[in-house]
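Protein chains: 2
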Amino acid sequence: MAQPIPTSRILRRLLASGAHGRAANLLGRIHPADVGPLLGDLGPDEIRTVVELLFRQQRAENLLRELPFELLGDVMEALGDSRLAEVLGRLEVDDVAELVDALPETRREAILERLPQQRQRELKRLELYPASSAGRVMTTSYVALDETMTSAEAVESIRASGDLADSILYLYVVDENHCLRGVVPIRRLVASPSDRTCGELMLPEPVRVTPEVDQEEVARIVARYDLLAVPVTDADGTLLGVITVDDVIDVITEEATEDMYHLAGLSEEDRVFSPPRLAIRKRLPWMVLNLATVILAASVVALFEHTLEQMVSLALFLPVVGGMAGNGGIQALTVTTRGIALGEIEFSTGIRAVTKETIVGLSLGAATGLICALLAFAWSGNPYLGFVLFLSLVVTLTFAGLFGAAVPLALKAIGQDPALGAGVIVTTFTDAFGFLTFLGSATLLLDRLH
Amino acid sequence: MAQPIPTSRILRRLLASGAHGRAANLLGRIHPADVGPLLGDLGPDEIRTVVELLFRQQRAENLLRELPFELLGDVMEALGDSRLAEVLGRLEVDDVAELVDALPETRREAILERLPQQRQRELKRLELYPASSAGRVMTTSYVALDETMTSAEAVESIRASGDLADSILYLYVVDENHCLRGVVPIRRLVASPSDRTCGELMLPEPVRVTPEVDQEEVARIVARYDLLAVPVTDADGTLLGVITVDDVIDVITEEATEDMYHLAGLSEEDRVFSPPRLAIRKRLPWMVLNLATVILAASVVALFEHTLEQMVSLALFLPVVGGMAGNGGIQALTVTTRGIALGEIEFSTGIRAVTKETIVGLSLGAATGLICALLAFAWSGNPYLGFVLFLSLVVTLTFAGLFGAAVPLALKAIGQDPALGAGVIVTTFTDAFGFLTFLGSATLLLDRLH
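Chains as they are written, first to last, in the working numbering: chain A, 1 to 450; chain B, 1001 to 1450.
This is chain A alone, in the form it adopts within the complex:
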């Protein structure tokens, strides 16, 4: 059974009564992944004590690795510089890089200097790779063998690797230049006679990635080929590191959050329990931008103030046109950005996607336009009002489909995140076109609308 997450209440009571030994025992029985969420309910002093207890148990590094982002600052502060450096020294280099990035600028140097020379060099090398690339998430702890080794010798080298053994899923066969030749799944090793050589056992030409590849692409490859780990090699085939499936799961979750967030104009740090201060600071620029774009749409309405003066009831239909435009645009946008994220769509097939969404938009516009036209006719008794609404919804939803599919593809083509900002562009243009069509055609038919 998953460890029942103990109510933080027991822990708080133990801490309050100074029963640190019992608190340490309790913590010792909790999976590191469950300690993080628990800390969310504690005060700063209590967090400090818990971190202290975990440090003594040599478990602080697992806590750091598992901690939700919003608690990281507090916990790293609770550890002093030298302790933090000691804890970081026990983690794998990709985890260290992530944690160092989360440190305030002022503290970063001090911590880096206290790390072992070897670690410092590895971190420098990691920083050469672009953000969110394979090079940043790979671990450099793996077992490399040569082709002539027998299965029995390979097993021996796994035993010798000690602690590391627990994370081994594949063994990598390399030549004298450390060039990747093949991969032996540990399951295959176990099932094979002990005198077979690694060269015989290995799967040649394994799927691999270069360190510059985006982590999202790595995740797609791992998901596509059902891998447990993927080796990272440079252009010459030299083995540099390995990306394991647990990191890939984190990437998939992170990227899905990013896509949803970007569609809504949110920053990744803005989580459900982030302090309101942070949420406001992160959302305000986007809200101001949104204000600018809705004013743009409003200025289209302003062009027709004269028409509205003559027939004020037209204003009633502005929320109808705007609301339908927004919904249609978001649907086309969601289908397209998700298709891009899942690798189902490339720029070459983009035209097909745009055509499809435009056709769908046109059809949905015709169907809802007809309903809306009949309702308007029933309400006003004027067939021309119905016609104007029908035309507006057809045009609006056609553009909603067109923009919703084309904008993320265009953003991707110019090297931008397809989701970021797409929402605001699509809704602004669709709204503007919708209002233009509605008020424009109403102006032309004004004599008949009365």
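Just so you know, the hints here were simulated from the structure itself, not pulled from any lab data.
Every residue, glycine too, gets a C-beta built ideally from N, C-alpha and C.
Fair warning: there could be bad hints in the mix.
[Unchecked claim] Just a few of them, taken from the derived set where beta-carbon distance is under 7 Å, the chain A residues facing chain B:
hint: 1; residue: 276
hint: 2; residue: 287
hint: 3; residue: 327
Position chain B relative to chain A; hints supplied.
Positioned in the frame of chain A, the structure of chain B alone reads:
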């Protein structure tokens, strides 16, 4: 290197010239996961030939397992009943269940009858579990050992399991009642001396799930504890099956798509390259619902027709209030639904989330309201218009935060999908409140606005 995806052109040319032998060779060199996307570019006759060739290579089952949903119908049709049954017989039971579900009703019975008795029984058992539950995604192929077995005997039993060996990551230690006692990671087995018993090697009390648990919860557990597989046991602890990490990755991707889609009112089958017909059929009901809700918002405007008649320029600000309302609501909604999906928020902490989003909404409303008020004052020279706009944006965005956080939590509390329909409820109410505040306060201050 990942197999370079061969342009479907080569394959088409080989098929067109009747060079089936060479086409079969080409297919033989392509990873099953890459064949699916390739089929998307082929016509129905070509698909039939490719499926025939793969069937002869005994590789059709891998194709079926990897195929994108929209191609599944065509490919399963291309295989006759008896062949399809033969192919299904070679797959694991969770895959079979998924494929059988995708068959048209009329054909399902005929196929099921042709499956081996054992498989039919297993499928019946699977159907007892709720949709999207652990019981539906688990595989029943796993290796169970008893505590007294030595490491060497365990290795022997892996060798004996043949084909299965390739998917073994953990060995499950069970007692005489098939009750799960512990788990031995295969990595640990390899690294241990051959005379150690499984009882000594096993990690006792492993994390497990019951078959009724939702697949999303299973994915969260696997991600949280960095597992490669999780055992499924009934309430008595009897081992029923295993869920592996590759299935978990599919679940995570699927659930992320579902959340994004539900927020936008889309159905999961509506993918970027689905036929327009399907997209229209799936989106139309939602569009009609949306029409109904925007008419509701419009009817709030209709209440104030008299006010608009006296001051038609108020209509210009309707898109501003509506646009800001929509954006604020979607942001609060996205943060909250994502928090629910990632398990960061429970109903008990829901009040905190709602409070936070309400405060954030209030603050964003005050900030953008102020900007908007100053602009309106600069444009009209009337401070009261500025005040009305300030008030409207404060009220609207406060409600947007409140509804955006509260609606998904309320949906979850009554056992519904938190994302489904939340978008339409939130935007309708927020729009309606926004228009009410704006036109209501404008009506009260009408004398001063001129």
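Tested hints:
Annotation: residue 276(A) was flagged as interfacial toward chain B, and the flag holds, the nearest CB pair being 5 Å apart, inside 7 Å. Because the closest C-beta pair between residue 287(A) and chain B is about 5 Å apart, less than 7 Å, the hint holds. The restraint placing residue 327(A) at the interface with chain B holds, with a minimum CB-CB distance near 5 Å, inside the 7 Å limit.
The structure is consistent with each of the numbered hints, conforming to all of them.
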